[in-house]
Amino acid sequence: MKKKGWVKPLFDKILSALAENKISEYLINDTLKESVELFFIKKSLDMRRQKDVHHYSVTVYHDFSKDNIKMRGSSTISLFSGMTEAEISNSIKNAYYAASFVCNPYYDLPSGQKEALLKIKNALTDLSLSESAKKMTTALFEMDTEKDTFLNSAEIFLEKVTNRIVNSRGIDVSYEKTTVKGEFVAQCVTPQDVETYQSFSYDNLDTEALKTKVKQTLAMTKARANANTAPAAGEYTVLLSGQYVRELFHYYLNRSSAGMIYPKYSNYQIGSNVQGEDVQGEALNITLIANEPYSSEGIPMKDLPLVAESKLETIHGNSRFCHYLGITPTGQYQSIKVPSGSLSFDDMKKEKYLHVVNFSDFQMDDFSGHFGGEIRLAFLYDGKTVTPVTGGSINGSILDVQRNFSFSKELQVEEHFEGPFAVKLEHIRVAGI
Amino acid sequence: MKVNSSDYLKQVKPLLKTLLNDLLKEYSYVSILASDSKAMVYSVSKQGTSINEDTILNGRGFVVKVYDNKSYGEYSFNEITKDSIPSIIRKIKEELAFLKTLLPDGITEGVYARLPEEEASFSESTDYIENPDTLGSELIVAHLTTLSEKARAFDNRILDCSAACRYQQLHKLFLSEKKDLEQNILWTTGSIMVMASRGEEIKYYFNGYSNLGGTEILKEMEQDVENVAKYTLELLDSEPITPGEYDCICTPEVTGMIVHEAFGHGVEMDMFVKKRALAEQYIGKQVASPLVTMHDGASAAGETATYFFDDEGVPAQDTVIIEKGILKRGISDSQTAMYLKTPPTGNGRRQNYERKAYTRMTNTFFEAGTDTYADMIASIKYGFLLENASSGMEDPKNWGIQLMVNVAREIKDGKLTGKIFSPIVLTGYVPDLLKSISMISDTVKLGGGGFCGKGYKEWVKVSDGGPYIKAKIRLG
Chain A
1 MKKKGWVKPL FDKILSALAE NKISEYLIND TLKESVELFF IKKSLDMRRQ
51 KDVHHYSVTV YHDFSKDNIK MRGSSTISLF SGMTEAEISN SIKNAYYAAS
101 FVCNPYYDLP SGQKEALLKI KNALTDLSLS ESAKKMTTAL FEMDTEKDTF
151 LNSAEIFLEK VTNRIVNSRG IDVSYEKTTV KGEFVAQCVT PQDVETYQSF
201 SYDNLDTEAL KTKVKQTLAM TKARANANTA PAAGEYTVLL SGQYVRELFH
251 YYLNRSSAGM IYPKYSNYQI GSNVQGEDVQ GEALNITLIA NEPYSSEGIP
301 MKDLPLVAES KLETIHGNSR FCHYLGITPT GQYQSIKVPS GSLSFDDMKK
351 EKYLHVVNFS DFQMDDFSGH FGGEIRLAFL YDGKTVTPVT GGSINGSILD
401 VQRNFSFSKE LQVEEHFEGP FAVKLEHIRV AGI
Chain B
1 MKVNSSDYLK QVKPLLKTLL NDLLKEYSYV SILASDSKAM VYSVSKQGTS
51 INEDTILNGR GFVVKVYDNK SYGEYSFNEI TKDSIPSIIR KIKEELAFLK
101 TLLPDGITEG VYARLPEEEA SFSESTDYIE NPDTLGSELI VAHLTTLSEK
151 ARAFDNRILD CSAACRYQQL HKLFLSEKKD LEQNILWTTG SIMVMASRGE
201 EIKYYFNGYS NLGGTEILKE MEQDVENVAK YTLELLDSEP ITPGEYDCIC
251 TPEVTGMIVH EAFGHGVEMD MFVKKRALAE QYIGKQVASP LVTMHDGASA
301 AGETATYFFD DEGVPAQDTV IIEKGILKRG ISDSQTAMYL KTPPTGNGRR
351 QNYERKAYTR MTNTFFEAGT DTYADMIASI KYGFLLENAS SGMEDPKNWG
401 IQLMVNVARE IKDGKLTGKI FSPIVLTGYV PDLLKSISMI SDTVKLGGGG
451 FCGKGYKEWV KVSDGGPYIK AKIRLG
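Heads up: the sequence lines are chains A and B, in that order. First residue of the first sequence? That's 1 in our numbering, and the numbers climb one at a time after it. First residue of the second sequence? That's 1 in our numbering, and the numbers climb one at a time after it.
If you're looking for bench data, these hints aren't it; they were derived computationally from the structure. Mixed in with the good hints there might be a few duds.
[Stated by the list, open to error] Partner residues aside, some chain A positions facing chain B, computed with beta carbon under 8 Å:
{"no.": "1", "residue": "F39"}
{"no.": "2", "residue": "G82"}
{"no.": "3", "residue": "A86"}
{"no.": "4", "residue": "N104"}
{"no.": "5", "residue": "T137"}
{"no.": "6", "residue": "F150"}
{"no.": "7", "residue": "N152"}
{"no.": "8", "residue": "V161"}
{"no.": "9", "residue": "E183"}
{"no.": "10", "residue": "K211"}
{"no.": "11", "residue": "Y262"}
{"no.": "12", "residue": "G372"}
{"no.": "13", "residue": "G373"}
{"no.": "14", "residue": "V386"}
{"no.": "15", "residue": "E418"}
{"no.": "16", "residue": "R429"}
Ideal Cβ positions, reconstructed from N, Cα and C, are used throughout, including at glycine.
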């Protein structure tokens with residue numbers, strides 16, 4: 001029975017429109033986002049923001065034949081609150097028509113059942129977004145105690161997201177997740193005025209991790225203020241640490257996705273030696289980490305072995321590309337875990353090296369294997385003394401260095417990566433002075 | 001044809017006016033930005049065909065900005081009915097205000113004045129020849145399929161060609177006590193990326209296309225696809241460059257990347273407020289060759305970053321940043337301009353209604369010079385023609401340069417030798433590079449195929465470009 005003034009929820013309007021247009025295969029992503037956002041200049045709150053938004057995304061699938069080949073086209077659209085039932089029906093009808101021109105070979109959609117709402121519980125979800133924002137703000141500024149080296153500016157975003165994923169094959173799953181993300185800029189004004197950009201992202205109220213990150217970034221910035229010259233041009237043993245290790249390892253995560261393997265952008269196959277033949281350095285071992293309980297298609301996600309002793313164990317991806325490759329769909333992964341290496345970071349630094357701790361923007365190209373970037377801060381050890389340097393760039397290929405990797409015993413946790421703190425790369429070209 | 005107004009925004013405008021007037025009883029400044037954006041991405045490659053919404057640009061929603069006689073707060077939402085207005089007001093008055101009471105010891109609230117406002121009311125729309133909605137998905141996909149297949153058939157060494165088309169039909173309303181503004185904008189971009197394999201390594205060449213208009217751009221792409229395939233195959237014979245400083249000619253696209261990344265970010269004046277930009281100390285001083293004049297502005301060119309008012313209701317402008325080598329001024333959002341006591345330049349932009357406004361570039365470019373491209377190549381004893389910019393990162397604090405380009409073509413004794421080096425990292429100190437500019441070609445070309453981030457987020461559409469320039473640049 002409808003009450004007076006009752007408005008049909010948009011979700012129900014979407015289901016009605018799909019039925020009205022006789023669309024039998026579909027996927028609905030219903031996302032509710034709530035956020036608290038704080039923007040600081042030094043130790044002053046410059047702007048505060050809040051957000052409450054509700055997004056509905058609908059993918060419709062259209063089955064047809066072309067040249068006697070069974071096809072499954074799809075098209076994805078957004079639907080908005082305030083749309084009338086007629087508008088929704090018309091948008092879905094147009095999307096279904098558009099999908100009839102998407103000539104992708106047929107693939108199965110994942111199937112499932114209705115599951116209870118999964119609330120990812122931790123210290124972050126025990127508090128309101130505002131209370132968590134206060135605790136993270138306290139942590140952010142706790143290490144900011146010096147006069148010459150300080151936080152120039154910062155942004156903190158607390159976000160609670162509730163995702164519901166429903167498809168025509170019985171999947172009806174939902175989960176609630178809260179994250180804290182942000183960025184800050186550390187500045188050191190003497191002897192040179194320099195700065196370092198840093199970002200952070202946690203699924204928990206990880207005040208200690210943020211404090212550590214701020215402390216390390218302030219120290220790095222102080223070191224950069226003392227760096228005057230670029231390294232001389234030449235070939236170096238390069239040590240990468242921090243987030244750049246993640247960028248390097250994510251090459252293997254991306255190359256092993258079904259979306260890259262199916263069109264032959266990547267030649268990986270199960271059992272492939274991803275480091276090439278004749279591996280003389282450390283063998284790769286990588287685990288895929290499920291950051292979300294379900295993929296955007298509603299496929300349950302769990303941790304999986306990706307690479308064991310250099311050999312590829314899993315190809316990950318969505319239902320379409322996995323179907324084409326004849327493998328079980330796993331969902332698309334974004335996070336990996338790598339065990340510690342055999343060398344301590346101190347042992348890595350016993351011979352001449354160039355340890356790059358900050359690039360302006362490190363680029364790792366998944367297609368070509370090329371990596372490079374301009375050096376904002378590096379420590380150069382010539383066998384006698386360690387000198388901070390800035391400027392110049394490195395330019396290398398992972399295909400040339402992957403047989404001789406060395407990983408540190410020390411570990412680190414970055415967004416979408418848990419693994420060695422540092423990696424040693426031999427014979428890297430450096431453009432310097 | 002002019003882009004039509006949004007029926008949805010017309011429908012909700014009375015509700016937004018009610019919300020505005022109710023909030024003005026409480027706050028001395030209130031503005032509401034309403035946005036209705038349809039943005040789609042089409043692509044065809046061996047991966048398959050896709051027709052999807054653009055998840056960053058697509059959406060309908062609102063952002064309210066209020067001033068409580070001390071500081072500013074914002075509330076973003078995307079559902080409004082007559083019945084929901086009281087709860088929106090309660091959220092702003094109680095929860096948004098509450099946030100500043102939660103600050104830990106030692107953290108203070110920033111204090112600002114009220115934003116100044118002048119009466120303004122207008123409705124403007126951009127033009128197009130062919131609306132993507134009218135052309136329809138069937139023909140857009142057919143065009144892209146033809147492009148992709150043509151490139152793949154060009155040579156058996158070609159692995160794939162990804163052809164894509166993206167458009168945004170954007171409608172915005174800006175309402176405040178003194179302003180009632182409306183704009184309706186359509187831009188379309190395209191891209192062709194051709195890949196060829198050299199063993200395990202895949203080389204690729206990427207070309208972007210853009211206009212302030214509709215799918216008429218697809219014709220330009222059709223004329224260019226074989227060139228992109230040819231350039232990709234050339235890359236198979238490329239080799240790494242010997243690091244060093246060289247005489248270089250930059251194509252307009254690489255010039256644009258230098259203008260945008262190396263200098264443009266450094267004159268975004270919200271960085272002046274934070275004391276993060278070296279440029280603040282160089283206003284009125286020489287920062288580039290006297291041959292260089294640089295512009296930024298939503299009304300400075302007709303490209304993908306063209307609009308009639310920014311996301312804070314400031315009319316679009318054409319700002320001359322460098323005039324004959326002298327740094328004249330920067331660009332700013334409203335709050336920054338008020339803080340620095342400078343006029344706002346119409347550069348307050350949001351990724352979408354869910355995000356904060358920052359000072360952002362729009363259409364950014366160098367003016368043309370008087371040299372010809374042929375004379376510029378002929379002037380090089382040994383150097384490179386740099387083309388196909390792929391990425392760049394700003395460093396406003398220290399004016400360090402990092403740009404990646406895909407191709408450096410060798411020039412010897414005033415002629416291109418046909419030898420290619422790839423990939424290339426450009427580094428150096430911005431004023432050194434800009435002051436070394438010794439020749440500038442007589443035509444300007446802008447491209448708006450890409451997005452610009454503030455750091456690693458807050459993506460907005462921009463265009464950049466200029467003429468061919470000759471400069472001394474460190475390559476690695």
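Hint-by-hint comparison with the structure:
no. : hint : verdict
1   : F39  : holds, 7 Å
2   : G82  : holds, 7 Å
3   : A86  : violated, 12 Å
4   : N104 : holds, 4 Å
5   : T137 : holds, 6 Å
6   : F150 : violated, 11 Å
7   : N152 : holds, 6 Å
8   : V161 : violated, 13 Å
9   : E183 : holds, 6 Å
10  : K211 : violated, 13 Å
11  : Y262 : holds, 7 Å
12  : G372 : holds, 5 Å
13  : G373 : holds, 6 Å
14  : V386 : violated, 22 Å
15  : E418 : violated, 20 Å
16  : R429 : holds, 7 Å
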